[in-house]
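> The whole structure should be built from the sequences, with the hints applied where relevant.
From first to last, the protein sequence lines are chains A and B.
Heads up: the first sequence at position 143 corresponds to 143 in the working numbering, and the numbers run straight through without jumps.
Heads up: the second sequence at position 310 corresponds to 310 in the working numbering, and the numbers run straight through without jumps.
The hints are simulated quantities; they were obtained by calculation from the structure and are not laboratory data.
Quick caveat, the model's predicted, so the values are computed rather than measured.
Listed next, the in silico DSBU-like pairs over lysine-lysine satisfying Cα-Cα at most 30 Å (straight line):
1. A:Lys8 - A:Lys136
2. B:Lys171 - B:Lys130
3. B:Lys319 - A:Lys96
4. B:Lys219 - B:Lys130
5. B:Lys158 - B:Lys318
6. B:Lys62 - B:Lys119
7. B:Lys318 - A:Lys96
8. B:Lys130 - B:Lys102
9. B:Lys247 - B:Lys119
10. B:Lys181 - B:Lys247
11. B:Lys44 - A:Lys71
12. B:Lys44 - A:Lys8
Facing chain B, a subset of chain A residues (Cβ under 8 Å, in silico):
13. Phe6
14. Leu10
15. Ala13
16. Ile17
17. Arg30
18. Asn34
19. Ile36
20. Phe94
21. Asp95
22. Met163
23. Ser167
24. Asp168
25. Phe170
In this text, a Cβ means the ideal position worked out from N, Cα and C, and glycines have one as well.
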Amino acid sequence: MNDVRFYKLLISANALIPLALLLTDGLNGRLGANPIEFFLRTTGVLTLTFLLITLAVTPLRKIFGWNSLIKYRRMLGLFAFFYGCLHLVTYSIFDKSLGFSAIVADVIQRPFIAIGMIAFTILVPLAITSTNGMVKRLGGKNWARLHKLTYVAAILGVIHFWMIVKSDIFYPALFGAVLAASFLIRLVWTKKPAVQRAVN
Amino acid sequence: MARNEVSKIDPTQITPEHVYLNRRNFIRAGLFAGTAVATGLTYKFFNPQPVQQTTPTTEIAKIETPTVLSKVGEPNSFEDITNYNNFYEFSTDKRAVAQKAKKLVTRPWTVEVGGLVQKPKTFDIDEILKFPQEERVYRFRCVEAWSMVIPWVGFPLKSLLDQVEPLGTAKYVAFETRYDKSAMQSSFSAGIDFPYVEGLRLDEAYHPLAILATGLYGKQMPNQNGAPVRLIVPWKYGFKSIKSIVKITLTDSEPPTTWNLAGPSEYGFYSNVNPQVDHPRWSQATERRIGELSMRDTLMFNGYSDEVAHLYEGMDLKKYF
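Laid out in structure tokens, this is it:
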């Protein structure tokens with residue numbers, strides 16, 4: 001197995017560990033008195049976590065010159081989408097009993113649901129166009145432009161999280177800070193491209 | 001050129017392929033195990049397994065014949081009731097409260113009752129426990145849209161108020177939770193102000209369903225549920241049922257309440273359970289009963305309409321939410 005394939009396997013295995021632990025705890029009745037709420041919240045947080053990891057690839061490349069990370073970025077993004085699907089499915093089944101009209105009503109009436117739904121909807125075309133074939137078909141430039149929507153999804157994701165919290169904003173604020181930092185690094189580093197190339 | 005350099009190396013110095021591959025596999029196996037453990041530990045760090053607290057509690061000696069209230073359903077287990085708590089003074093994580101609330105010191109404990117009363121009095125907890133105790137199996141509906149059925153032990157709030165003889169000018173009752181900074185977290189990290197304060201209109205406080213609870217499941221109140229004495233107003237959202245009370249004051253104007261101060265547009269003074277009036281951010285039409293997977297319909301006044309609806313006759317409940 002070559003290195004790229006090995007690292008892809010390594011990342012996949014690690015990305016699925018939280019789900020494995022979540023399911024094991026769930027099957028053993030260790031998620032507390034309200035397992036649905038816990039599963040819903042955790043899959044949401046994992047979606048946001050993988051979005052932020054995906055967005056951390058560029059800053060890491062810029063700062064440390066770890067350019068090979070780019071090979072794994074699409075895959076990380078797909079895991080964000082994967083946890084996003086679990087999050088949405090959990091909500092649809094357990095909170096809304098798969099009632100389509102109830103979900104639509106929720107989206108219309110609850111801004112935080114609407115924002116979460118928009119964020120998820122944005123991820124759908126990004127996931128679909130994540131194959132090599134699609135990159136070629138769209139052309140690198142167009143593809144990159146389309147996938148800039150990841151930023152929008154991440155920002156909406158943080159807002160979605162922030163809006164549902166009752167008063168303790170520690171975690172949404174933490175995600176917001178990490179996201180802001182990743183944006184800041186992008187801005188600061190593009191101003192000194194020459195220095196950066198020298199590091200590489 | 002590269003070829004030349006390579007050829008200078010003594011062939012015996014070249015790592016044989018199988019050793020190289022072995023080493024590579026070894027490193028890969030190490031990476032696999034190492035990152036897996038690190039990821040697992042990171043997950044566990046942010047999602048700590050709450051230790052199910054088997055709260056040591058004393059049986060309450062004398063409980064009067066349980067008042068049977070119809071159709072409340074099967075009570076939730078003692079484990080669920082005592083391991084899923086909103087008590088922001090200890091943690092905003094409902095699963096973490098049980099462990100942290102162990103620090104709450106409940107003896108000695110006094111409840112100071114004063115304000116617009118004829119006979120202000122400071123009750124020792126032992127005096128409070130001497131009021132005739134009875135079991136009340138009530139629905140409990142949290143504003144976060146989950147609910148339980150809980151067999152409380154306690155006595156009507158009215159019995160205590162009668163002893164201090166409220167003045168004719170008294171219109172409201174204000175309550176305050178103990179705030180022990182050494183045992184509790186800061187108001188900053190909880191996002192709400194402490195000490196926690198709540199209030200009722202006097203006629204609500206006099207209602208026979210409103211009780212001061214001193215225990216549950218026939219045992220003295222576990223710390224995480226608001227030991228040693230708390231309010232229970234079953235037709236209102238759970239946050240109205242203030243925990244660990246140290247002060248009760250009769251007033252002539254509407255007293256400030258913690259969640260109303262934190263979010264005036266989201267939490268009103270009344271906060272009656274009402275499936276028709278949504279929280280601005282989420283629906284109150286349904287709720288998840290702890291132990292059930294799907295949602296069930298929320299009942300008007302949490303199912304206590306027959307008993308309490310008259311208190312709010314003529315009031316616009318959308319305005320006085």
